[in-house]
Every structure is written in structure tokens, then in C-alpha cells.
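Engineer: Chain B: place on chain A using the hints.
Each chain, written out:
Number of protein chains: 2
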Amino acid sequence: MRILYHLPLSPYSRKVRLALAEKRIPFDLRVERVWERREEFLEMNPAGTVPVLREDNGLVVADSYAICEYLDEAYPDLPLLGRTLAERAEVRRLVAWFDGKFYAEVTRNLLYEKQMKRLMGRGTPDAAAIRAGHANLRPHLDYLGWLAESRVWLAGSSLTLADLCAAAHLSALDFVGDVDWSLNEAAKDWYARIKSRPCFRPLLADRVSGVTPPPHYADLDF
Amino acid sequence: MRILYHLPLSPYSRKVRLALAEKRIPFDLRVERVWERREEFLEMNPAGTVPVLREDNGLVVADSYAICEYLDEAYPDLPLLGRTLAERAEVRRLVAWFDGKFYAEVTRNLLYEKQMKRLMGRGTPDAAAIRAGHANLRPHLDYLGWLAESRVWLAGSSLTLADLCAAAHLSALDFVGDVDWSLNEAAKDWYARIKSRPCFRPLLADRVSGVTPPPHYADLDF
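Chains as they are written, first to last, in UniProt numbering: chain A, 1 to 222; chain B, 1 to 222.
The shape of chain A in the complex, shown without the other chains:
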């Protein structure tokens, strides 16, 4: 069986889990404690990061960007990157927005400071970073809400990797109780729609040692 090496709170791993599930590609999950720098893992991905996908034929694909592009090329049924050049440009722009800008301005300031630093033994959270993360969440939810109101899904009329990517970051933040969904009604409605899809169920069942998600995390009517 193909294996996805991941961490439950990694938004990049969550994006790939959602993409695999949405495309109905079966896979086994293996937790990889990247901070232990396991030799066999570093051979597969010298960057030492999750996610890494290992196919049954031995092909290893490292990095969530490489994996998601690979999945749409190797398993073109149920495409997630859009069909026309313009659609694909928009999907990828939004993936870059959430994996790059949203990560730098929100996810890293909250999730990394509050959870990953502790797990990786890299010191105490930086209070200024956490304040910045909370402040930055609001305009991002507004942008997401605006997209969700203007379109059926974030990038257009179909669900795409843009939705999965945004949901991956937000679900990881939601797990640690850092999303105030009352900030934007349209963003909350969009999240409720994507959260109720079958691809989302395994994420809602995630358990992480030392972290208790808020009661609404797995609630489809939050």
C-alpha cells in the first residue's frame, strides 16, 4: 500500500491527505517525528520535512507541492488543479496564497509558536508572534469569505486544491482552538461545507498527544 509520512498538525500533510481522499486514492498513514531526523527518512527527503509519499512501485515524492502536482498527473480522474490554463493559474495562485502568505502570516505565528516549538524542543512561544497571528487571521478570513461569496468554491465553480489547501491550514489551526469562526460568516459557511465532505472525516478523528481540540473541532454544525 502507498504510504504517506505525515504529522497530524502539519497543514501541508493535511492538504495531501485531503487531496488523496478526495481523489479516492487509498493510502496508509505513518507519523514521522521529523525532529528525530531518522536516517531512512532523510534519504527519502533530505529536507527532513513532511509530507512524503511513497508509492508501491518505490517512487518517492517529497514536498506537498510536488506531491499534489504528481497526484493530478498520475491520477487524472477527479482533477483538483482545474481544467483550463486560466482555472489552473487561479487554483495555483490560491494554493501559493495559503501555503505561502497565510502560512507566514497566520499558521506559523500560531501553530508553530504554540505547538511545534514545544514538540520540537525549540523554546517557548513568542507572544508578539502569537498576537500577530491572531491579528492577521481576520483579514485572511475576510478574503476567504469574499472568495466563498463570489464563487461556488474558492477558485471557481468546482472544488479544487485551493479549497483543500485553505481547509488544511484552517483545520490545523482549528484543532488547537485558534480560529474564531464568528469573524466571518461566509468563511464559516464555506468551512462547514468542506468539513462535511467524506475526505475530511479522518482529519476530524485525529488525536495529538498533549492537545485537546475544542468541542466544535469535529462538530459538523459548529
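You can take every hint at face value.
One copy or two, it doesn't matter: identical chains are merged, so the pair holds either way.
In silico lysine-lysine, DSSO-like type, Cα no more than 27 Å apart, as pairs:
| hint | residue 1 | residue 2 |
| --- | --- | --- |
| 1 | 188 | 114 |
| 2 | 23 | 188 |
| 3 | 101 | 188 |
| 4 | 101 | 114 |
| 5 | 117 | 101 |
No lab work stands behind these hints: they were computed from the structure. Note that the structure is predicted; figures quoted are calculated from it, not measured.
Structural biologist: The following block gives chain B in isolation, referenced to the frame of chain A:
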């Protein structure tokens, strides 16, 4: 004529300039002072970042990841992302390495701290970040040198976006005098090879107000 909105020292802009030139796609360059937050530019790319490509037919592609994937789909002659699934996975892994890991550990610590902060009026350089950037450059050059010794080009037997991406970051750092090429002979040989390609000439002619590149910057026998 298609237009690429860019900044001369942006490694992501340089990557796209190299990709366009290597694929022999003609384009005009427009400098976009992103810190001025020009309204018409933010309409094209709400993230407010360069590069942004505008095609003659009006299609706008924002973000260097979206642009490079678009270019290989829209102009499939002279592919830069590899041919087989395995090749493409390796090219994208290395693009993610340089755009993600190398940027975070080296480019941002040196180029952003020393140049972009000044341009954008965001305070004085952080000495600890600059020290970290210099320290991190060495293992990265060693990895690049190891790849260049084991393979013809970084990702395999052909020149790919992995080479252009690595060269984009290193050329921007080289412009501000931050690459000590004596650290790794194989990395230097690889850079000399890519620097002498026609696609590189416009980058070597770049001028940036307030910055004088070191004498070896445009020298093919540095």
C-alpha cells in the same frame, strides 16, 4: 507583448525571467515597486508580490509557482519540469528546496535583511539573521555541489527549473556580494556553466539603485 512585473533582486522574479528566456518566450519587463501597493497591481495580484505575468490575451498569472507551471503547460516545447513522473517529482522537490528551505535559511536572512528592508523602509538589518544566513549558505552550497557532481544538471541529465531556481536565488545573493564561491568548487563550476547560458545575460546586466554588484558578478570566468 506579454509583460512580466518584477523586481531585479527578487529571486522568484529571476526564476521566471530565466524560464521565459530558456524557453525563448519573448517578454517585456516592468519594475513593480510592490511596497507602493499600486491599486492596478493589487487587482492583478492581491498578494502584492512579484512576479506577475500578463499575457497578450489578458490572462494574468500571479506567483512564480503558478507562472512556471503555466509556462510548461502553455508552451510545452523545451520543457523545464522533466518528462517522466519521477523526473518531475525530483525537479519539483528541488524547486521547493530552493524556493522554500534555501529562501528561509539563506536568501531571506541575507537579501531581505540587507536590501529589501532598506528599500521597503522596514527598519535596520538584524545582525543575528545575517550571521545565520552566512552560516547556512555553506551546507546549502555543499548539497548543491554534491548534486552537481552526481548528475549532469541538478535534477538529472537535462537542465530544468531546478537549476534555474537555484541560480535565481544564488544570482540575487551574488549581486549583493553574499556568495563566497570558494566554499565549494563543484557548486562554482555548476554556476559558471549556467551563468554562461544566453538566458542569463539580461540578469548579468541588471542595475539596482544604491547597490553595486561585486566585479565578479557579471564575469563568466569568476
